[in-house]
Amino acid sequence: MEFFRRDFLREMFTKPTNLINTNRGKEYYDQLYKKAEERLNWLKSQKPVREDDIKFDEYLSMWDISRRDFFKWVSMMTATLMLPPSFEPLVAQAAEVMNRVPVIWINIQDCDGNTEALIRSSAPTVDELILDYLSIEYQETLMAAAGDQAEKCLEDAVKTFKGQYLLFVEGSIPVKMEYAFTTGRHPETGVQRVRRLAKDAKAVIAVGACASFGGVPAAYPNPTGAVGVMDVVSGVPVVNIPACPANPVNIVGVIMHYVLTGSLPELDSLKRPKFAFGYRIHDNCERRAHFDAGEFVEEWGDEGAKNNFCLYKMGCKGPFTFNNCSIVRYNDGTNWPIGVGRGCIGCSEPDFWDKYATERPVAASDIRPPAIGGVESTVDKVGLTILTATAIGIGAHAVMSALAGKKETITSNKEE
Amino acid sequence: MSKRLVVDPITRIEGHLRIEVVLDENNRVVDAYSSSTMWRGIETILKGRDARDCGLIAMRICGVCTGAHYWTSIKAVEHALGITPPTNARLVRNLIAGSLYLHDHVVHFYHLHALDWVDIVSALKADPYKAAKEAENYSENPWYNSPTQYKAIQERLKKFVESGRLGPFANAYWGNKSYKFTPEQNLIATAHYLEALEAQRWMAQMMAIYGGKNPHPQSIVVGGVTCVQDIKNPARASLFKELLLKSRDFVLRAYIPDIIMAGQVYKDEALNGVGAGLGNYLVYGDFPLDDNPHYKAKLLFSPGVVVNKDLTKVIPFDQSKITEDVTHSWYKYENTDKPLHPFDGQTNPNYTGFDENGLLKVNEKYSWIKSPIYDDIRVEVGPLARMIVGYASGNERIKNYVDKALKAAGLPLQALFSTVGRTAARAIETWMISDVMIEWIDQLASNSAKGNLDTWTKFDYDKLTKGKELKGYGLSEAPRGALGHWVRIVDGKVANYQAVVPSTWNAGPRDYKGRMGAYESSLVSNITLSNPDQPLEILRTVHSFDPCIACAVHVIDTKGREIAQYKIDPVSGGMCYV
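Protein sequence lines, in the order shown, are assigned to chains A and F. Okay, so the first sequence: first residue is 7 according to my numbering, each after it adds one. Okay, so the second sequence: first residue is 89 according to my numbering, each after it adds one.
FYI, nobody ran anything at the bench for these hints, they're computed from the structure. Keep in mind that a hint or two might mislead.
As the list claims (entries may be wrong) - Residues on chain F that point at chain A, a partial pick, calculated with CB under 10 Å:
1) Ile130
2) Arg140
3) Ile149
4) Gly300
5) His304
6) Gln317
7) Arg324
8) Lys397
9) Asp398
10) Gly446
11) Lys449
12) Trp519
13) Pro620
Cβ atoms here follow ideal geometry from the backbone N, Cα and C, with glycine treated the same way.
Taking the hints into account, I'd like the entire structure generated from these sequences.
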């Protein structure tokens, strides 16, 4: 009987809303190329945020960035955005005019992990370039100014760049216990602050799991009533860049996409950019072959662990998690959680602390439903299915899911 | 006439903190109140979960001293279950924690703290040739030291300033009288500020090698670590060592010389005990050097308590003497108003807000931080505590590094009891850690070469926990100071979870006896503002703790009334009155 539950598995592995086409056809890219060219020409005609702007080449030399390093970075960024290599010259040009886009970055119920990740990022010394060449008007962790002087930076930026700035928000926003976050001489709550600054923003970028979906403060029983940015602002586009912390490559990617095309990247149903969250960890996992072969780590440090077997049975949630970390990894590609033999905890998915963040497979995790409810039945269903699939043999599943994947590709091509 | 300067938020720290300071007519700080204005309720969230899952959630208490909460939580559960991890796991944890020390201290000193000591604008006036000569006074082989190098940096900065592109340097207190470096010294430190951006990336990569990523590593589990393939692969150990040696080089040739320079220039402040604070120091102890089970191993940092700056006596540390008080915190204890030990701790929010002027109700409750108390003493934790308790305990390794550093700066031991001393202690232990980590990575590489790949101690969670009540504590030294997690597990589920963290010890408000916490006390230790509209000296002392909470500092008059509000002109850093 259990055998027929494979349809659930099939459903889970082939959700049409979340799959991305890595090749969208010549016509599509031709159009996008033209659009980007026009956009960049327009941006170049615009005045920079500050007068007497530094020339880009000067900038590179100031930070000791060689042209070669810069183009390496451009290739990486182009690939991350899932654009063909023909777009590289445009991406390079976009980097040169990035400072036409002012950025305000605020922290609410956060642990500063996303800021830290950005500081420690990624790709050859270009992070200095990003930090400075991007016109970051307000960033509490880095700025020298404090108090009134810092507040003035913020208010000036809002006034000067009204309707133009990107508002980055790090941390969740408490709405039940609004006073669980206040800041400022005249205390302003998180909800007030986010709403006030979002009103005049071009777009709001929620950085990290907390700003996207509430993250750890929103885990059961969510004592402060923490929610993500999209639950408190309206009338302005919101992009979620979840994960704990958000991968800096994806943060920069969203900005680059905006500079390049003048629009936000294509988003999935959870407002995540598809270029980064369009496929599962599992789809590109270095241990995937062991999953298909039915070779698993059964306990920490065992023979399977020594041979890099699949971590599914040790609680890896890669099959349920949409993110590109199996490709871009962390800290200049140094490593990633599955690399160090620990399963994925699903940190780019909503409610992952209550659904996924355990060292046991979903079915064996004794998962509590999130505070808002309604997810319990789905989780049980998925968990049961996985358990079943593992029991009846991974081989059958692998064949089936491969078939299902192919069919899906055909369907979505038709849709294009 | 009374005056009030509003400074909110204090930047270059992690999280959310508000400080209100009372000034007398000579702009001397005579009273201070420290308040955290953000609460997330992580202790509440941990209740009811499987104890093996606590580490990942507890880690999210902080994204800066990332990982410190992670392994402390895991340690607490291991203590409750009675599991000792194998040698390789101990070494890997020490290496991950050591990487964090290097990273955290370097980023703190250069990117979060240095701008309180270093006047970037003054660096523009420096003579690059003199700067290169000056650097040789503090190191035999200073980091990238050449007139050409300094000239290039100066030109970069000049372009920044001329284009109005001050970036992170905009709108600060440049030109304040409290900045004492010469233009040349400012130029040296500014150069290192920029170069530290690169160096800190190596240290983050070190953590990622055995931790998976940084921030928020993921390889530590109850019983051991998961990174077998990275231990097995000799290339990973060599990469780690290469990054370590590069980082150590930066510490020895830039960080330490800069601290010695600061120690000499800010000598009077150090000798006058500016920012000294409580004078009571607590260390839980950390970095196990052998594989003895819980709290029996020899430790790199000696545990203990030093009271009233008395280095002749170290009180042995006993975790049962720790309590938390909520008299002035936005919490309410049920059935008692006495301070509680973390095993019996309660987290019941009871927010009472600000007064009608938007100020803290300092006689009532005024912070989301509890007030930890050790054996009825308020204490300071952190690098300074570790150096002082280590020194007083006769810890040879610590004594050696402290003596070397003090000798180089030409300062007596007593100079440590100050804001300068707190900042110097952090550098001294970075030096020590970067040395000892070489021993650890070599041990790990040699273990795996001998075929020892044990990374996990086997246990049966259900069997160990079924129908039982277990208690455990994890005691660590996070870069910012003593970090403890206490867990009570009933039938495999967390029944109570309490964390008493470094910034709770340091940033806590007054207690039931009206005694100050460490920030509050340090702010009333001989601090006078040279310009009340630029609370640079307050930032300097608060930052010296490496606060893990974003702050708001308020300077209020002795009567607490507001007469005028000052705002600062963004370009010059000067003032205009509203």
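Right, here's what the structure says about each hint:
The interface hint given for Ile130(F) is met, as the beta carbon of that residue sits about 7 Å from the closest beta carbon of chain A, less than 10 Å. Given the 10 Å rule on beta carbons, the hint for Arg140(F) holds: about 6 Å separates it from the nearest Cβ of chain A. A distance limit of 10 Å between C-beta atoms decides the matter here; for Ile149(F) the minimum to chain A is near 7 Å, and the interface restraint holds. The closest approach between the C-beta of Gly300(F) and any C-beta of chain A is roughly 4 Å, which is under the 10 Å cut-off, so the hint is satisfied.
Interface hint at His304(F): satisfied, since its Cβ lies 6 Å from the closest Cβ of chain A, which is below the 10 Å cut-off. A cut of 10 Å between beta carbons decides the hint on Gln317(F): the least distance to chain A is about 5 Å, and the hint holds. The interface hint given for Arg324(F) holds, since its Cβ lies 9 Å from the closest Cβ of chain A, which is under the 10 Å cut-off. Because the smallest distance between the Cβ of Lys397(F) and any Cβ of chain A comes to about 30 Å, over 10 Å, the interface hint for this residue is violated.
At about 35 Å, the closest approach between the beta carbon of Asp398(F) and any beta carbon in chain A exceeds 10 Å, and the interface hint on this residue is violated. Hint status for Gly446(F) relative to chain A: holds, with the closest Cβ pair at about 5 Å, below 10 Å. A distance limit of 10 Å between C-beta atoms decides the matter here; for Lys449(F) the minimum to chain A is near 12 Å, and the interface restraint is violated. The restraint placing Trp519(F) at the interface with chain A is violated, with a minimum CB-CB distance near 22 Å, outside the 10 Å limit.
A cut of 10 Å between beta carbons decides the hint on Pro620(F): the least distance to chain A is about 12 Å, and the hint is violated.
Hint compliance for this structure: hints 8, 9, 11, 12, 13 are broken, all remaining hints hold.
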